[in-house]
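Working from the sequences, and respecting the hints, build out all of it.
Using our numbering, you'd call the opening residue of the sequence shown number 35 and step up by one each time.
Keep in mind that the hints were calculated from the coordinates and are not lab data.
The beta carbon of each residue, even a glycine, is placed where N, CA and C say it ideally should be.
Any given hint could be a false lead.
Below, a list of computed lysine to aspartate or glutamate pairs in the EDC-like style, where the Cα atoms sit at most 20 Å apart [unchecked claim]:
id: 1; residue 1: K233; residue 2: E115
id: 2; residue 1: K110; residue 2: D98
id: 3; residue 1: K166; residue 2: D90
id: 4; residue 1: K95; residue 2: D109
id: 5; residue 1: K434; residue 2: D339
id: 6; residue 1: K110; residue 2: D157
id: 7; residue 1: K428; residue 2: E454
id: 8; residue 1: K248; residue 2: E460
id: 9; residue 1: K95; residue 2: E115
Label-pair ranges, simulated between beta-carbon atoms [claimed, not checked]:
id: 10; residue 1: N423; residue 2: D98; range: 52 to 60 Å
id: 11; residue 1: N191; residue 2: T104; range: 25 to 33 Å
id: 12; residue 1: I197; residue 2: T105; range: 25 to 33 Å
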Amino acid sequence: MILPMPKTFARASGALAAMVALCSLLSCSLLLNFDDCITDADCLMAGKCMAGVCQDAERVKVTDHIAVDTTWTADKVYLLENLIMVVAPATLTIEAGTTVLGQRNTGLVSLAGAKLMAIGTRDKPIVFTSAKTPGQRLAGDWAGIGMVGRARVNRQNFNLRIITDVHDTRVGGSDDSSNCGTLRYVRIEFGGSEVDGQKALKGLTLAGCGNKTKIEYVQTHLSDDDGVGVFGGTVDLRYIVSTRARDDAFDFDTGWRGTAQFLAIQQDVIGVEAIEVENLAEDPAALPQTDARIYNYTMIGANRDGDRQIGLFVKLGGLGVFSHGIITGYKTAALVIDGVESTAHAAKGDIGVHNTLFFNNGATGTEHFAFIPDNSFDNYAYFEQAQFNNVFGKDPGFNKPYDLTNPGWVPASAHTTGREIVPPPEGFDPTAVYRGAFSPSATPWTEGWTSYPLN
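Structural data, given as structure tokens:
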């Protein structure tokens, strides 16, 4: 059931200095007439910019699961009151420009057989964010977004720790083309909280989603868990931003066999790994096997001596190919391969790191410490062979890469392009013949729809 909530939004009418401070928090435009607007951000959280004028938006409480086809429209703001599930065969469609607010212990999950269709545009992204007032928001204010499908996974009785006696929350099946829906031009902010005492969701959770699912131009920001968690299935990712996750930026496991291209990562000072790839903790040899194929990635660590951060962490039977990347600012290690099974994969050449630039990694900021051996794998010199075309100790030329409010994603061309870099293979964008997630000669694809609020 969806119930209307009384309108509570009041436009800002204070002094110009107060508006300047507020716009700094919200990354909004500064307009001298407080009723004028360019985007919804100019109207505060509960208002909408319509025909260039801020107007009060009806706030709608969402209290019950969605069992019939439903559309959420951009002229309203939706407030999640519970962990809302979209139940098969229903489809939830969310219009471009819609805002959805989450409270503690709330989230949105489309179950297997249902679909979530959240299709925004560059100038009208769909925003899932905290219900708290800007300036008071924190990582973990609400749970996040989940999409569940029927593609194969390698864990039995898998249900994302969602507790319910009403609906089937099981993850996986036998359909590797399972379609969980589409996310395009979507921002997910301040998620990652527990639900009923369990860490059920990441900022964005994709579990058992097949290759008909479309996930592109999505940002997760300030998740109190992983930014993006992909559990099994064959879903592909394109143009994904994970900023300031409190755990891993991306976590791929449970038999994921999809592809990813154009991943942009900026880590919080308490974040852990940029990309973690594992097979299955309880059975690292389980089938189907996690086999990551990731091209054009930018990993920016916190650049702090004494931290625990690792750029690429492959463990517990995980394997894959990681190419056309940049890894910088990881003071523990740029790359770690751990565990008997993943070590065996590396020894056989089944873990590939190619065409990647390593800079400012290791405890002293020297490339001698870019790879720190552990007790499982100590042959990191293998990845320094000329045939892999990796580059060490060359500055990628970012402008303010460690700026948490406005990261400089675009590198210089000097060490990130060159005739020696081969195009990505079939199935990827072959024009991305450069290291990193962004072309040095083009406007960044994050322009116009991403945001990096502090709170």
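We went through each hint and held it up to the structure:
no. : hint                      : in the structure
1   : K233 <-> E115             : holds (18 Å)
2   : K110 <-> D98              : holds (18 Å)
3   : K166 <-> D90              : holds (18 Å)
4   : K95 <-> D109              : holds (14 Å)
5   : K434 <-> D339             : holds (18 Å)
6   : K110 <-> D157             : holds (17 Å)
7   : K428 <-> E454             : holds (16 Å)
8   : K248 <-> E460             : holds (18 Å)
9   : K95 <-> E115              : holds (6 Å)
10  : N423 <-> D98: 52 to 60 Å  : holds (54 Å)
11  : N191 <-> T104: 25 to 33 Å : holds (30 Å)
12  : I197 <-> T105: 25 to 33 Å : holds (28 Å)
Checked against the numbered hints given earlier, this structure breaks none of them.
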